[in-house]
Amino acid sequence: MKDVTFGQYYPADSIVHRLDPRTKLLFTFFYIVAIFFIKSPLGYAGVAVYAVAIIFAARIPVRTVLKSLKAVIFLLLFTMILNVFFYKDGEVLIEFWKIKITVEGLFFSFTMALRLILLVMGTSLLTFTTTPTALTDAIEGLLKPLKYIGINVHDLAVIMSIALRFIPSIQEETEKIISAQKARGAEFDTGNIFKKAKAMLPILIPLFISSFRRADELALALDARCYNLSDKRTKMKILKYKKTDFAALFYALLFVGLIVADRIFLVNIDIIGLLR
Amino acid sequence: MPIVVKNLSYTYMKGTPYEKQALNDVSLTINDGDFLGIIGATGSGKSTFVRHLNGLIKLTQGSIIADGIDLSAKKPDLKLLRRKIGMVFQYPESQLFAETVFKDVCYGPKNMKKSAEECEALAHEAIELAGLDFEAFKDRSPFELSGGEKRRVAIAGVIACKPEYLVLDEPSAGLDPKGKDEMYNLVLKIKASTSHTVVIISHDIDEIAEYADRIAVFDDGRIYADFKTADIGQYADGLKERGLDVPVTVKLRNALKLSEITGVRQNELIESILKYYKTSK
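So the sequences go chain by chain: A and B. Numbering follows my numbering, in which position 211 of the first sequence is assigned residue number 211; successive positions increment by one, without gaps. Numbering follows my numbering, in which position 119 of the second sequence is assigned residue number 119; successive positions increment by one, without gaps.
If you're looking for bench data, these hints aren't it; they were derived computationally from the structure. Do not take every clue at face value.
[Unchecked claim] 25 Å max Cα-Cα, derived DSS-like pairs, lysine-lysine:
id : chain 1 : residue 1 : chain 2 : residue 2
1  : B       : K162      : A       : K182
2  : A       : K176      : B       : K110
3  : B       : K113      : A       : K198
4  : A       : K182      : B       : K150
5  : A       : K182      : B       : K74
6  : A       : K176      : B       : K58
7  : B       : K20       : A       : K67
8  : B       : K162      : A       : K176
9  : B       : K103      : A       : K176
10 : A       : K182      : B       : K178
11 : B       : K240      : A       : K176
12 : B       : K114      : A       : K198
13 : A       : K232      : B       : K110
14 : B       : K178      : B       : K150
15 : B       : K110      : A       : K195
16 : B       : K113      : A       : K195
17 : B       : K110      : A       : K196
18 : A       : K176      : B       : K79
19 : B       : K75       : A       : K196
20 : B       : K79       : A       : K182
21 : A       : K195      : B       : K79
22 : A       : K182      : B       : K58
[Claimed, not checked] Label pairs and their computed distance ranges (CB to CB):
id : chain 1 : residue 1 : chain 2 : residue 2 : range
23 : A       : M160      : B       : F143      : 23 to 33 Å
24 : B       : S115      : A       : C226      : 41 to 51 Å
25 : A       : R214      : B       : S280      : 25 to 35 Å
26 : A       : T131      : B       : S193      : 50 to 60 Å
27 : B       : L274      : A       : R214      : 45 to 55 Å
28 : A       : A45       : B       : E99       : 52 to 62 Å
[As the list claims (entries may be wrong)] Facing chain A, a subset of chain B residues (Cβ under 7 Å, in silico):
id : residue
29 : F35
30 : L56
31 : R82
32 : S94
33 : Q95
34 : Y107
35 : M112
36 : A116
We put the beta carbon where it would ideally sit given N, CA and C, even for glycine.
Looking at chain A on its own, in the form it has when it is part of the complex (with noise of 0.2 Å):
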């Protein structure tokens, strides 16, 4: 677990890292709607090249963010091998038995292969620059309006943010379990899939009844000092736009544009006439 980078904060001094979380979260927003709604190659190539040009802004090492790719990796076989063989229509390439893996086929794995990584580049590239508190607030402070709808955000920003901070703890806690555990000559890696099973309940019982004496002693504290959600809170850190805040904005407005150019002309240029 410890070589998946997917989710976790990258500490950095740079523009991106600076950002008003509001910002990076619309921006996010608005890359995945970009990514979703482009269709032709070359609209997913200007999405690239915004993407690779945010890593640098970031400051981020190339290294990590492809390790983020790693959980994602079987994944991406899978739908890209898929792609590959059951892609019926285009120019047939190579056909054996019931399989016809034609130019097209190819191509449209391609694209989908290119679509997913930049979707997990992108969404990891918010975590790599933002901290979870950071991102709670920003999360609470977008859904604001929700407010009058009777919706009490502060409430649900509160138990995201908890859930983000007993992450490393649970993290922690399942490591020392298994160690315990494998002192005592526990062996996870042997055996059929119902005896691999089996041999995880040492580690799932503990785990369970300290999270919820942590959840409990959570809720004393909480109680021990009076938190009321009721009560309107301020905070610490107030969340506040600067200049290059709407420069970022206006950078995510782009996508839109891109969407546009992308349904408009890109999709009619016709890359695999233009490669032969």
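Dock chain B against chain A, hints included.
Positioned in the frame of chain A, the structure of chain B alone reads:
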């Protein structure tokens, strides 16, 4: 056979901004029959060090030969190693999982592929050795026990595997003074019967000086000193510099400033003070 550690270094999260060197060129030999106390401030590398001993952390730099098993080999026999070196973690009660005390204590022997009868015999012995009545406790749920009892059950679960070496990471954490004394007496009992070599981590120098025969002091990933408990007086200044305390007994001895008064352990010190006053009168 001893556990020989040579030039051991270890870095957590290598290659990330969270990188931290936990151990830096540590060499230490743990001999048969040692009662070794490891002390050091929080984050000095004590836990990382002992986790290496039974292969819970993979050796990356340096060498460890534990009871003849070379951990720098490509595939060391970790199963055999863990059978030989038992490990009691901090707050070991958090590893309890089974529905009865008996089943939990049997977990280790069962993993070692012992027969049902052997498991029962080992569990019986271990629970009794841990100071609990086997018949009274075996069918109870470990979760309904008191904190001290839970810890005893957890320790029984480790000594049921009959390790030759026993490593305990702060076994007395969170216990009251009486509980602490009982815990150390339990460790002495285990040392006398099943595991003849004991390593204890603690940052309570009084406890360590009272029970351990030999002390290794960790400081910022290195070993600052490694000495016989009786010689601790020589290291008083160095210990203070490293944010560690000197045992009360040593402070008292130094305060009395009488060369005839020796001893580090409470009873030794009292004896020598009494002897001094009797002879001087």
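Going through the hints against the structure:
Of the pairs offered as hints, the one joining B:K162 and A:K182 holds, with about 15 Å between alpha carbons and a cut-off of 25 Å not exceeded. With a C-alpha separation of about 21 Å, the suggested pair A:K176 and B:K110 falls inside the 25 Å cut-off, and the hint holds. Between B:K113 and A:K198 the alpha-carbon distance is near 16 Å, which keeps this suggested pair within the 25 Å criterion. At roughly 19 Å between alpha-carbon atoms, A:K182 and B:K150 fall within 25 Å of each other, so this suggested pair holds.
At roughly 19 Å between alpha-carbon atoms, A:K182 and B:K74 fall within 25 Å of each other, so this suggested pair holds. For a cut-off of 25 Å, the pair hint linking A:K176 to B:K58 stands: about 15 Å separates their Cα positions. Distance restraint check for B:K20 and A:K67: the Cα-Cα separation of roughly 20 Å lies within the 25 Å cut-off, and the hinted pair is therefore satisfied. In summary, the hint linking B:K162 to A:K176 is supported, as the alpha carbons are separated by about 22 Å, within the 25 Å threshold.
In summary, the hint linking B:K103 to A:K176 is supported, as the alpha carbons are separated by about 21 Å, within the 25 Å threshold. For the given pair, A:K182 sits about 31 Å from B:K178 by alpha-carbon distance, which is inconsistent with the 25 Å threshold. For the proposed pair B:K240 and A:K176, the alpha carbon gap of about 31 Å is over 25 Å, so the pair is violated. Between B:K114 and A:K198 the alpha-carbon distance is near 18 Å, which keeps this suggested pair within the 25 Å criterion.
For a cut-off of 25 Å, the pair hint linking A:K232 to B:K110 is broken: about 57 Å separates their Cα positions. With a CA separation close to 16 Å, the supplied pair B:K178 and B:K150 stays within the 25 Å bound. The hinted pair formed by B:K110 and A:K195 meets the criterion: a straight-line CA distance of about 14 Å does not exceed 25 Å. At roughly 15 Å between alpha-carbon atoms, B:K113 and A:K195 fall within 25 Å of each other, so this suggested pair holds.
Annotation: proposed proximity of B:K110 to A:K196 holds, straight-line Cα distance about 16 Å (limit 25 Å). As the CA atoms of A:K176 and B:K79 are separated by approximately 18 Å, the hinted pair is consistent with the 25 Å bound. In summary, the hint linking B:K75 to A:K196 is supported, as the alpha carbons are separated by about 21 Å, within the 25 Å threshold. For the hint linking B:K79 to A:K182, the alpha-carbon distance of about 9 Å falls within 25 Å, and the restraint holds.
For the suggested pair A:K195 and B:K79, the alpha carbons sit about 18 Å apart, so the restraint of at most 25 Å is met. Between A:K182 and B:K58 the alpha-carbon distance is near 13 Å, which keeps this suggested pair within the 25 Å criterion. Under the hint 23 to 33 Å, the C-beta atoms of A:M160 and B:F143, about 30 Å apart, fit the expected range. Distance hint check for B:S115 and A:C226: the Cβ-Cβ separation is about 58 Å, which falls outside the suggested range of 41 to 51 Å.
A:R214 and B:S280 have their C-beta atoms about 59 Å apart, which leaves the hinted 25 to 35 Å range violated. A:T131 and B:S193 have their C-beta atoms about 52 Å apart, which keeps the hinted 50 to 60 Å range intact. Look at B:L274 against A:R214: about 51 Å separates their beta carbons, and that is inside 45 to 55 Å. At roughly 60 Å, the beta carbons of A:A45 and B:E99 sit within the given window of 52 to 62 Å.
A hinted interface residue such as B:F35 counts as satisfied when its beta carbon comes closer than 7 Å to some beta carbon of chain A; here the least separation is about 20 Å, so the hint is violated. At its closest, the beta carbon of B:L56 sits 5 Å from a beta carbon of chain A; the interface hint therefore holds under the 7 Å criterion. Taking 7 Å as the C-beta cut-off, the interface hint given for B:R82 holds, the closest approach to chain A being about 6 Å. Annotation: B:S94 was flagged as interfacial toward chain A, and the flag holds, the nearest CB pair being 6 Å apart, inside 7 Å.
With 7 Å as the threshold, the beta carbon of B:Q95 comes within range of chain A, its nearest partner Cβ sitting at about 4 Å, so the hint holds. Hint on B:Y107 holds. Least Cβ distance to chain A is approximately 6 Å, under the 7 Å limit. Residue-level restraint check for B:M112 holds (minimum Cβ-Cβ distance to chain A is 5 Å; threshold 7 Å). Taken as an interface hint, B:A116 does not check out: its beta carbon lies about 16 Å from the nearest beta carbon of chain A, beyond 7 Å.
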